[in-house]
Amino acid sequence: MSPSKLDLCPSVKNILLLDHDGRRVAVKYFSDEWATNSAKETFENLVFEKTQKTLARNEAEIILLENHIVVYKFAQDLQFFVTGGDEENELILSSVLQAFFESVTILLRGNVDKKEALENLDLILLCIDEIIDGGIVLETDPNVIAGKVASNSTDSGAPLSEQTLSQALATAREHLARSLLK
Amino acid sequence: MAQQLVKKDDDRDDEAEYSPFMGIEKGAVLQEARVFNDPQLDARRCSQVITKLLYLLNQGETFTKTEATEVFFAVTKLFQSKDMGLRRMVYLMIKEISPSADEVIIVTSSLMKDMNSKIDMYRANAIRVLCRITDGTLLAQIERYLKQAIVDKNPVVASAALVSGIHLLQTNPEIVKRWSNEVQEAVQSRAALVQFHALGLLHQIRQNDRLAVSKLVTSLTRGTVRSPLAQCLLIRYTSQVICESGNNTQSGDRPFYDYLESCLRHKSEMVIFEAARAITELNGVTTRELTPAITVLQLFLSSSKPVLRFAAVRTLNKVAMTHPTSVTNCNIDMESLISDQNRSIATLAITTLLKTGNESSVDRLMKQITNFMSDIADEFKIVVVEAIRSLCQKFPLKYRSLMNFLSNILREEGGFEYKKAIVDSIVILIREIPDAKETGLLHLCEFIEDCEFTYLSTQILHFLGIEGPKTSDPSKYIRFVYNRVHLENATVRAGAVSTLAKFGAAVDELKPRIFVLLRRCLFDSDDEVRDRATLYLNTLGGDGSVVETDKAVKDFLFGPFDVPLVNLETSLKNYVPSEEAFDIDSVPKEVKSQPLAEKKAPGKKPTGLGAPPSGPPSTADAYQRVLSSIPEFANFGNLFKSSEPVELTEAETEYAVNVVKHIFDRHVVFQYNCTNTIPEQLLEHVIVIVDSSEADEFSEVFSKPLKSLPYDSPGQIFVAFEKPEGVATLGKFSNVLKFIVREVDPTTGEADDDGVEDEYQLEDLDIVSADYTLKVGVSNFRNAWESLGPDYERVDEYGLGPRESLAEAVNTVINLLGLQPCEGTEAVPPNSRSHTCLLSGVFIGNIKVLVRLSFGLDGPKDVAMKLTVRSEDETVSDAIHEIVASG
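If you're matching them up, the sequences are chains A and B in order.
Numbering-wise (this note's numbering), the first sequence opens with residue 1 and increments by one.
Numbering-wise (this note's numbering), the second sequence opens with residue 1 and increments by one.
It is possible that part of the hints are untrue.
Pairs of lysine to any residue residues, derived as SDA-like cross-links and limited to a Cα-Cα distance of at most 20 Å, are as follows [claimed, not checked]:
hint: 1; chain 1: A; residue 1: Lys28; chain 2: B; residue 2: Leu57
hint: 2; chain 1: A; residue 1: Lys53; chain 2: B; residue 2: Phe372
hint: 3; chain 1: B; residue 1: Lys738; chain 2: B; residue 2: Asp754
hint: 4; chain 1: B; residue 1: Lys77; chain 2: B; residue 2: Ser100
hint: 5; chain 1: B; residue 1: Lys26; chain 2: A; residue 2: Ser38
hint: 6; chain 1: A; residue 1: Lys40; chain 2: B; residue 2: Asn58
hint: 7; chain 1: A; residue 1: Lys115; chain 2: B; residue 2: Gln48
hint: 8; chain 1: A; residue 1: Lys28; chain 2: B; residue 2: Ile133
hint: 9; chain 1: B; residue 1: Lys147; chain 2: B; residue 2: Ile175
hint: 10; chain 1: A; residue 1: Lys50; chain 2: B; residue 2: Glu379
hint: 11; chain 1: A; residue 1: Lys50; chain 2: B; residue 2: Ile382
hint: 12; chain 1: A; residue 1: Lys115; chain 2: B; residue 2: Gly23
hint: 13; chain 1: A; residue 1: Lys53; chain 2: B; residue 2: Gln341
hint: 14; chain 1: B; residue 1: Lys153; chain 2: A; residue 2: Val144
hint: 15; chain 1: A; residue 1: Lys114; chain 2: A; residue 2: Arg23
hint: 16; chain 1: A; residue 1: Lys28; chain 2: B; residue 2: Asn58
hint: 17; chain 1: B; residue 1: Lys95; chain 2: B; residue 2: Thr62
hint: 18; chain 1: A; residue 1: Lys50; chain 2: B; residue 2: Asp378
hint: 19; chain 1: B; residue 1: Lys95; chain 2: A; residue 2: Asp32
hint: 20; chain 1: B; residue 1: Lys267; chain 2: B; residue 2: Tyr257
hint: 21; chain 1: B; residue 1: Lys707; chain 2: B; residue 2: Val626
hint: 22; chain 1: B; residue 1: Lys367; chain 2: B; residue 2: Arg343
hint: 23; chain 1: B; residue 1: Lys82; chain 2: B; residue 2: Ile119
From chain A, some residues computed to sit far from chain B (all C-beta separations above 12 Å) [unchecked claim]:
hint: 24; residue: Glu33
hint: 25; residue: Phe48
hint: 26; residue: Ala75
hint: 27; residue: Glu102
hint: 28; residue: Thr105
hint: 29; residue: Arg109
hint: 30; residue: Gly110
hint: 31; residue: Arg173
hint: 32; residue: Leu176
Covered by chain A, per the in silico footprint, the following chain B stretches (three or more residues, Cβ under 8 Å) [claimed, not checked]:
hint: 33; region: 19-31
hint: 34; region: 159-169
hint: 35; region: 196-207
hint: 36; region: 236-243
hint: 37; region: 264-273
hint: 38; region: 298-311
Honestly, the hints are just simulated from the structure, not real lab data.
Beta carbons are placed, not taken as given, at the ideal position from N, Cα and C, and that holds for glycine.
Could you build the full structure based on these sequences and the hints that come with them?
Shown next as structure tokens:
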């Protein structure tokens with residue numbers, strides 16, 4: 001997909017979730033600017049290196065790197081990044097970052113740290129999938145996103161008898177958690 | 001030691017507890033994937049395995065083709081499970097593997113079933129997956145479902161279909177374009193994001209139809225747009241429409257401006273910013289139009305959100321380049337941003353302030369910046385340095401504090417690019433602000449005392465050699481230069497030797513001391529340094545030999561090196577086997593590509609010699625080669641110039657002939673390029689009969705005919721004339737092509753034995769004055785003009801009569817003279833009433849010519865021109881005037 005055709009449509013080039021050492025937790029690239037894994041890692045290292053001086057705990061921060069705008073936010077040992085082109089509306093990128101961060105917060109029941117994220121990696125990956133499709137913003141409301149992702153882990157389609165006890169418990173817990181968080 | 005090791009291991013164990021994927025291996029996970037084939041599917045287990053596979057892919061692991069295929073087939077089995085969570089993971093996995101075309105067929109039916117499922121989640125995701133992996137043929141099958149999905153009442157399904165449509169439009173535009181009715185309907189959707197996606201797709205479908213886009217924008221700007229994202233999109237489309245419609249500023253109102261302005265009051269910051277940015281980027285935006293946009297951006301500057309501050313300051317920074325006064329209102333808010341935690345914001349704020357600041361605020365600003373410089377990265381520093389340079393150019397009186405600032409940061413740590421930016425800035429300031437020269441040069445001298453970059457050292461030494469001797473006390477620079485000879489590498493030492501020689505040549509009282517220093521350099525370990533020292537001692541007369549004239553020495557040391565290096569290289573290669581002494585004047589000066597003489601001084605941007613001469617760069621070379629292969633032309637000497645080909649026949653005639661005029665000192669050679677365009681004919685003994693009765697001073701000396709000229713394979717005929725030496729002799733020549741025609745059977749390709757004599761009239765050919773001038777640019781017209789002096793200056797005024805425009809008149813004269821426009825002066829700004837154009841070149845006989853043309857409009861169309869010529873020979877100056885007088 002050539003970005004020139006999408007020039008007017010707001011687009012996201014990648015979403016990165018790294019740990020506090022700059023290692024990948026979950027990443028998704030939507031632009032073919034980074035063709036190889038090593039190119040991606042180079043970019044991630046650059047982003048990580050250039051952003052460590054800032055706090056980015058309460059408010060999302062922003063940096064211009066080469067010809068990319070990166071908005072980011074840190075929470076515990078996790079670092080959330082959203083990258084766009086240098087002509088992109090910064091606030092659109094920031095709204096995507098916010099959607100990502102907040103829906104992950106909901107999905108991890110408020111325990112936003114690396115351990116929790118890795119244990120629920122499926123949810124994180126689904127969450128990214130629900131926010132951006134091929135670079136285009138799909139949804140930015142964190143409750144809607146989390147709802148879409150979490151509804152998958154509850155098996156409403158299958159009869160209850162097929163669920164194991166632990167599954168049923170997990171389902172119940174999730175329901176409870178979501179109703180509390182809403 | 002051992003204990004330490006154990007401890008480290010412990011640490012690692014602690015850390016490892018964090019990851020459920022500790023010690024994960026591709027092979028093992030692929031084994032685990034066998035559970036997908038179990039008749040009794042354990043959905044939870046399967047989900048976990050897929051997560052592991054996705055984790056591996058995410059960490060950069062790759063699957064081989066076979067592995068991917070195996071995983072893919074195994075995953076397709078999971079469609080049997082009704083577990084919704086597992087199904088979601090299956091969708092994700094299929095997208096990640098991106099199966100090949102033949103594999104896609106396996107899942108197509110499962111996905112199509114999901115597309116028609118009652119569960120919206122299945123439908124939406126199945127559409128996204130299917131559209132991602134599908135190709136054109138399959139797309140036609142599912143098109144019907146997609147069209148339905150676009151207008152589905154569930155927004156998730158509709159969005160999935162629309163976004164997929166946006167992607168598919170890149171690969172299958174003709175199919176997606178058929179959906180425009182449905183998409184149009186979706187634009188009216190009440191769901192915010194559906195409207196956004198529909199608008200994006202609709203615009204892309206219609207983007208080549210300006211009228212349709214304009215209509216779309218018109219109707220939507222009046223209607224309701226629900227989501228901020230859609231609103232942003234509409235703002236972008238609107239500015240595109242405004243841009244394409246051109247601005248009808250006569251009435252003072254720009255179409256759609258009101259809409260953009262109303263968006264500044266939107267409740268979403270995203271939209272406000274998008275609109276403000278759109279306004280600032282309007283073509284030829286007026287101050288009145290800018291004001292409301294600047295006002296909202298100014299509010300953003302004091303926002304608590306860094307993203308908002310960044311967005312605002314970045315936009316204002318751009319505005320400051322074109323409308324600095326409009327941004328001055330924000331200066332107070334901007335100054336508080338200098339201490340912003342976010343360094344990107346601080347840098348943007350500073351550079352904006354430097355653009356908008358006034359003279360009185362410079363000192364205060366510099367104080368703030370000094371504190372700030374130490375803790376930003378080089379890339380930001382370069383931006384600041386460049387901004388300071390332009391500030392100093394704007395307020396020359398403030399040079400002292402700005403120069404101080406530059407010299408301070410020059411002493412601090414920094415990489416090459418950063419140091420180069422500082423040195424470039426100082427050099428530019430020295431050139432432009434005479435008062436700053438002495439302090440600036442001393443700063444540079446101090447810098448090279450401790451400079452780790454050879455390139456910068458040599459550039460500064462060269463610059464010192466030119467500027468240093470002109471200062472009030474040149475001797476104080478000698479110490480700095482001579483220190484280099486002791487302490488540096490060979491390149492810098494050689495540069496320092498040249499600089500010393502320049503001081504010696506320019507300042508007589510320093511000469512004896514320079515000789516002492518140069519003689520010491522004769523014992524240098526490097527041969528280039530020794531050679532240079534010897535050469536300079538020789539030219540300056542330091543070894544007691546006959547001193548060359550002062551002027552010759554200065555020309556040699558300071559004069560521009562006006563021979564392109566490529567040409568010099570070719571000439572030297574030709575020279576190596578010959579016996580005669582090498583003569584630099586024999587090197588052709590015609591520029592074949594970007595001249596290297598341009599990059600002489602640091603920081604000096606190429607002033608643009610105008611476009612390099614048209615035609616492929618290698619033509620001159622090719623001509624030289626062709627001509628030197630003909631023995632009769634060998635004693636003609638060096639080729640001065642070859643003209644562009646001149647057509648002597650109309651297009652699409654039987655025989656196509658054009659001619660290239662090669663000018664030598666005492667000869668002219670016409671090269672007729674002939675092409676036979678008739679397949680049924682073979683031409684033999686082709687000659688051109690040239691009648692030079694209207695060119696008395698030319699006499700034909702040689703003609704080289706063409707033996708045969710078959711269909712469509714071009715051949716050349718040469719005719720040479722003698723003419724008076726070194727003079728621009730003009731003349732008119734009439735040409736007739738004579739040949740023997742033989743009929744050719746086009747099927748066999750065999751030619752008839754009998755030929756018929758025939759001739760073909762060609763158009764006349766002129767030798768004009770421009771044939772005797774060569775386009776050679778000079779890097780600094782003013783210097784060159786001064787150095788030529790007014791001795792052979794000729795001035796006259798001409799009326800050019802009514803002309804279409806000033807630009808047209810300028811162009812005509814440039815073409816008439818055949819000289820190189822300098823410093824971009826060939827471009828006439830629109831609507832100007834007068835223009836000065838600078839030309840330079842070389843006249844035959846290797847005589848430098850500089851021309852200053854002043855044009856003025858006299859009355860509505862009449863153009864008057866003042867022509868000032870300076871050259872090394874008065875006859876040449878007169879000749880230039882004659883060209884104009886007769887043209």
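Can you confirm whether the C-alpha distance between Lys115 of chain A and Gln48 of chain B stays at or below 20 Å? holds (16 Å)
Just want to verify: Ala75 of chain A was marked as not at the interface with chain B; is every Cβ pair farther apart than 12 Å? The assertion about Ala75 of chain A holds, with a minimum of 15 Å to chain B.
Coverage assertion for the region 19-31 of chain B with respect to chain A, Cβ distance below 8 Å, three residues required: Our answer is that it holds, as 3 residues pass the Cβ test (under 8 Å) against chain A, meeting three.
Quick one, are Lys26 of chain B and Ser38 of chain A close enough, alpha carbons at most 20 Å? holds (19 Å)
Does the alpha-carbon distance linking Lys53 of chain A and Phe372 of chain B stay inside the 20 Å limit? Holds - the C-alpha atoms of Phe372 of chain B and Lys53 of chain A are around 15 Å apart, at most 20 Å.
Quickly compare the C-alpha distance for Lys115 of chain A and Gly23 of chain B to 20 Å and report which way the hint goes. holds (15 Å)
Please count how many residues of the region 264-273 of chain B have a CB within 8 Å of a CB from chain A and say whether that reaches 3. Check passed, 3 qualifying residues.
Would the hint linking Lys267 of chain B and Tyr257 of chain B be met if the CA-CA limit is 20 Å? Within the cut-off at roughly 19 Å; holds.
Hinted pair Lys707 of chain B and Val626 of chain B, Cα distance within 20 Å: holds (17 Å)
Would you check the hint for Lys95 of chain B and Asp32 of chain A, treating anything up to 20 Å between C-alpha atoms as holding? OK: Lys95 of chain B and Asp32 of chain A at ~16 Å, within 20 Å.
Take a quick look at whether Lys82 of chain B and Ile119 of chain B sit within 20 Å of each other, Cα to Cα. Roughly 11 Å between the alpha carbons, so the hint for Lys82 of chain B and Ile119 of chain B holds.
For the pair we were handed, Lys147 of chain B and Ile175 of chain B, check the Cα-Cα distance against 20 Å. Status holds; Cα separation ~11 Å.
Every hint, counting from the list given before, is met by this structure.
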